[in-house]
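Visitor: Protein chains in written order, with our numbering: chain A, 1 to 724; chain P, 1 to 412; chain Z, 1 to 263.
Since the hints were made in silico from the structure, they are not lab data.
Check each hint, because a few of them may be wrong.
Claimed, not checked - The calculated DSS-like cross-link candidates involving lysine-lysine, where the alpha carbons are at most 30 Å apart (straight line), are:
no., chain 1, residue 1, chain 2, residue 2
1, P, Lys17, A, Lys647
2, P, Lys368, Z, Lys69
3, Z, Lys196, A, Lys240
4, A, Lys67, Z, Lys101
5, Z, Lys101, A, Lys240
6, Z, Lys49, P, Lys298
7, P, Lys368, Z, Lys101
8, Z, Lys137, A, Lys485
9, Z, Lys196, A, Lys647
10, Z, Lys204, A, Lys491
11, Z, Lys137, A, Lys64
12, A, Lys67, Z, Lys256
13, P, Lys298, Z, Lys14
14, A, Lys238, Z, Lys69
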Amino acid sequence: MLTRRGFLQFVVGGALGAVFSPLPWRIADELVLFSQRWTPQGAPGDESWCYSICQLCPGGCGLKVRKISERVVQVEANPLSPINRGVCPLGAASVQYLYGDKRRIKKPLKRTGKRGEGKWQEIEWAEALNLLTSKLNDLKGSGATEGLLCIDGSVSKVMSGLLKKFCYAYGTSNYFHVNADVGASIAIKEMQDFNGCVGFDLENADYVLSFGSQLLEGWGAPGNLQALYNYWFENPLKPKVKVVQIEPRMSDTAAKASEWLPNLPGTEALVALGLAWVILKEGKYNPRFTGDADFERFKRAVLEGFNPDKLEEKTGLCKDDFIRVAREFCNAKHPIAVWGRGKGFNSTGAFEVLAIHSLNALVGNINRKGGTAFFKDVVDEVWPEISTRQPRDLGKFIESVGAKKVYAEIALVCEANPAYKYPVSFGNALQNVPFVVTFTPFMNDTALVSDLVLPTPFYMEKWEAITTPRGFSYPVFGLSCPVCKSSYGVKHPGDVVLAVSKTLGLKGLPWDNYRNLLQYLVEKIWSKGKGCLLKGNKKVALPSSPRQMWSELTTCVWANPEAVSGGIKKFDFAPSVFAEGIKRPVWSVEGKSEDYPFTLIPCEYLILPQDLGAAPFLVKQLPDTVLKGSDLCVEVHPETASQCGVKNGELALLQTPLGQARVRVFCNECIRPGIIGIPVGLGHKGYDEYLAGKGINAYTILGYNEEATGVASYVMNKANLVKI
Amino acid sequence: MDAALIPPGVQRCSFKKFMVWIGFVLLLLLWGLYGTALCLIKGLNQTHMNNYYGFALWIFLDLGVIALGAGAFFTGFLRYIVGIDKLKNIINIAVIIGWCCYGGALLILAIDVGQPLRAWHIFWYPNVHSMLTEVSFCITCYFTVLCVEYLPIILENPQLDKNRFIHILSHNFHEYMFIFAALGTFLSFFHQGSLGGTFGVLFTRPFAYRTGFFVWPWTFFLFILSAIASGPALTLLITWFMQKVTGRKLVSYDVLELMGKIAGTLLFIYMIFKLIDTWYWIEHVLPSKGMTLADCYKGWFGSYGYWLLVAELGVFGVIPALILVCPALRKREFWLILGALMDCTGIALNRFVMVLQSSAVPTYPFDKWPSYMPSWQEWATFGMVLGITLLVISLSYRYLPLFPQEKELNRN
Amino acid sequence: MGHEEKENWSHAEKYVMVIDIDKCTGCGACVVACSQENNIPVRTDETDKYMSLNWLVIYRVTNAQPFPKTKVVYVPRPCMHCDDPICVHVCPASATDKDAKGIVSQIYPRCFGCRYCMAACPYHARVFNWYDPVYPKGTERGFNPDVSTRMRGVVEKCSFCNHRYQHARDKAIAEGRVCLEDGEYIPACAEACPTKAIYFGNIKDPNSQVSRILREERPHVFRLLEKYGSEPSVYYISRQDWVRPRLDWVLEEEHKKYKNSMK
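Build out the structure end to end from the sequences listed, making use of the hints.
Guide: Here it is in structure tokens:
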């Protein structure tokens, strides 16, 4: 029977026993362990390192990849790479791209619902290849092979070369590369009768005049330019170079430049010619290219029409700046004028390039140390037939397809995203293209509106050759080998193209697979015997066999710094582009100034790639002055904002002749009054929840301007900002 | 219906009326519990705290109620240690208010931590240099003391008191209450002080940082002083409010006036020190951190403007101190209550700026002032504490003989 | 850690970071590399920067002058690993500590999320896990096994990639060396920096790169919030005279003196 005493004894004894037993400690311990087991942890494994080359942009940064067992966990710079010393944020986000399940495509997809509805059927590769081949075969059979439209966005020139060869073998001339600077190639063709690589020897330059080129934000080879920045400003008190940035808005590049000259948007050509005026007037030009009739024509026209006095109001820069900068420029030892606004992916027009490049010619700095460099890339030399063709304007072509002026039956999109860059015109064009096939590793905006989506490997999963990085001043060739096995059902687009051409019986593409093609190229380079291997700063002679060369090229690169040599055939200061250009306003912009008192310009950011959607880590890094919630922020000067009656952070309606959008206002002293800057790279429909539906695609409202010379590009628009 | 539980000789409202009131309180409590549950289950993302406001509404309320709940220990101290006998008439309600304030603070603290399951780490891996360790040890111990102090009041319920054992136990408790009062005073003293120290030691937060004496920054002492200056005022206010609500006289006016006098005198002393401290802070502490007063306030009006400084030290500092030390004003109910109310407001403002403004003042010259508005969940959690307080006071008032004078004062 | 222990560092190791503001282009590679290295979660909406979880952030600081005189610098800000770390002093549960080589550690399983350290740290280097950590689906495969992921409700911060020190140390021991060579241990941010604006190394080694740079650039070196007195281990260099008073509380007369000293 339970007595009171017994009960008390039981309770007290029990309590004491519990305290001295391991039980409470065990419980406490378990609680801690329990509260730790809420998150997934990385599985341990053996560490290994491999080399790779980043292919997220045409910059070609050498990478060292850290692996744990078979998992890729981090990327770092390859110390042997002559291109980069660290990585850029895109490269650093590689692992997220590689493993982003919601972006990556797992298997070939066939559209089942309406276009763009997002209904897909996963099919096997064999079926997908059959479908593609039969479509191509049918078109070929009908004889209308020009109906094949190829939109290429490949980073590797080898892959692009293969696609070009495929197109020509198939019988279509409608090959386009999304990154081709059409304006620049027209200008260079006209001035120098040259087709090929254009490079800028920024490393050896001592005066860089940048006409809106965002040198540190994705222009050229980003990793290389960052490394160059360190080289230039190794001792910031005694810099090796003076960088003058001519740009309406203070980009990161302008912020880090030696000097920032905020001009009015679209007046870069005028600024260049104004500077030329000073040089010509003072007779400080280098005689290397001058003296011909064309130069005299140029001189006359410039002296007549581009007196900085008259340009002050048009360009927004003062006369003194023109004179000072022009003198500094021609007094420098290795001055260079650089074109390609923003990241340089949007053409800045032939006239603008011509005007800027004429400055280089005036100081004689072409194909010389610290100047512009013109040379043939490896691919151009191996396949000379493809490099002679002038790039064409994709935007205009798409417009004509939309207007049914051009016939297109099949669109073959390879690792490009035209649906993002040409949101309106590509949509229209699609209605007239019965079959769209997209090769892409990611579910991008274009894949969403395609009929067949073929998953391609991410750069870490494939063999690829990297040729001259964009803007590099000599030819480079390197190999990137797969660092891990793909966990998706991917196929190399090169393998697909080669297999398809075999089935179609196309000539001139004898390789079994893409790797064979790479081996062929390596042998070609080796057998030519030119150039050397670059290991960091060290130049090493070519190895004794192509086989050894192959294995060397997976860790370092081949380069031929001597490829650029001396003379150029001719130089024409005043070709037809110039004669046309000086007659009219540089860019045509629609809309009345009364309705749209402001100018809209694109703002580009390094962490906002365009064709390739930004990785989650990059979206996370966007300042809240670019993206707030899902609202896009436009940058304006506080004066402009108060003119519109809107305050910093408020929502407003951005109106342009092309349409309107709800945006947030970000007031900033770093932009010229009267200008509205809109970030480019957001507003994607594809990818994953980290990117889709955030912000606005700037290309929907940025004007597609036509230059007097017939080149069209997204440069600016008229706009108004209205309080909501 | 519950007549047997009601202490003999006092009148209470009908059971039905009481239940309607309790119903309201329960609704508040339920809302509070819902908000609390959300915070516990979904985490602190339910609040509007952020990386700049690691401490926000909850910590402010904690500090506030702990200061205002100081009536318990200080009245106990004066009653049992100093021997001001008159205070026996109000000590019970002071203890209950104290219990509610400290219990509530403890509850909110437990919700305020990101990992409540690990809250015991503070005892298991204590960092003796941390003021927060001191705070948590003190509050836990002192709350236990308050429970012990509350217990004999509960035991005085007529039904419980019938039990002989309980009767004797209760009597003995009363006999030895001075020990607990002393213990409570000691603990609470350090508790209030270390709460002040929590902010005062932050040499990296110039708004809060103060130099000090030995290991204690001046805020340590100022917090103690301000707590005992406002605790009696809140006890006074609540008692007065209970009289208004119940329509009965519970304590004689001279007891209230005495509480007012205590609060006023202490507030007066506190204000002298606080003003000296503020002057020293402006003249010496801030410049030593490279800052000026203008860096710590965001203009004159709006959030974090200078008005806060004027309000805390002037309107709700010096003025109530003057009202309460002036016997002529204190004698008039209106002024007594106004003075007490302003006293409590001033001290609450002090706790507000110590918590919120010291987080908000930009630490970098280029940084912006962050803004903060509590989420409803944060208010709800406070609502829960308020509900518990109302419930405890209501039940205690109805069923326990809290006010020794009540019978006499209401004899017509 | 008390002040007395500071003098007792018997090791010949104390790691510091030197950031050359004039070389930082604000590209953000360091932040992304840090996030990848330290398994930092990403929520779908991170535009509320006060809620966003980062160990390293880049502040964009202007000279507060109107157009077109505006100037901008980018200031990467990791944890300062202070020598008198207020967070270590205030943590009630001893969940954070300063170790012998100068790194302020954070013990996630011990932290119970009181956030006192966050209220104390003037650098905002400490961030709280307001949410359960989320990772884009599939990217868990890219987890670094050397760094544990953190659960909701705890505070976390930059560790100067302490695990990299362990690796370097293990390697040195395996090779029979006592000391680490300069550059053998550097955090992910310094590794990634494409302009090499971040230097990292042992300040107790007079021949290390950081010692050399701090010596050479002495007139241009400063630390953030120096007067707050927490003795940060991260040094900044800028040769532009407007930068320091925008980054630190410098009273007017001091700034004049400073400007003159730079001339």
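Visitor: Indicate, hint by hint, whether the structure satisfies it.
Guide: Against the structure, the hints:
1. Among the hinted pairs, P:Lys17 with A:Lys647 is inconsistent with the structure: their alpha-carbon atoms are about 54 Å apart, more than 30 Å.
2. Proximity of P:Lys368 to Z:Lys69 is assessed by CA-CA distance (about 21 Å); at most 30 Å being required, the pair is judged to hold.
3. About 17 Å separates the Cα atoms of Z:Lys196 and A:Lys240, which keeps this hinted pair within 30 Å; it holds.
4. Note on A:Lys67 and Z:Lys101: the hinted pairing holds, with a Cα-Cα distance of about 28 Å set against a maximum of 30 Å.
5. Note on Z:Lys101 and A:Lys240: the hinted pairing is violated, with a Cα-Cα distance of about 37 Å set against a maximum of 30 Å.
6. Proposed proximity of Z:Lys49 and P:Lys298 is supported: the alpha carbons are some 21 Å apart, at most 30 Å.
7. This hinted pair does not check out: P:Lys368 and Z:Lys101 have alpha carbons roughly 34 Å apart, beyond 30 Å.
8. At most 30 Å may separate the alpha-carbon atoms for a hinted pair to count; Z:Lys137 and A:Lys485 meet this at roughly 18 Å.
9. With a C-alpha separation of about 39 Å, the suggested pairing of Z:Lys196 with A:Lys647 is violated against the 30 Å cut-off.
10. With a C-alpha separation of about 53 Å, the suggested pairing of Z:Lys204 with A:Lys491 is violated against the 30 Å cut-off.
11. With a C-alpha separation of about 24 Å, the suggested pairing of Z:Lys137 with A:Lys64 holds against the 30 Å cut-off.
12. Straight-line distance between C-alpha atoms of A:Lys67 and Z:Lys256 comes to about 52 Å, which puts the hinted pair past the 30 Å bound.
13. For the proposed pair P:Lys298 and Z:Lys14, the alpha carbon gap of about 40 Å is over 30 Å, so the pair is violated.
14. A hinted pair counts as satisfied when its Cα atoms are at most 30 Å apart, and A:Lys238 with Z:Lys69 qualifies at roughly 22 Å.
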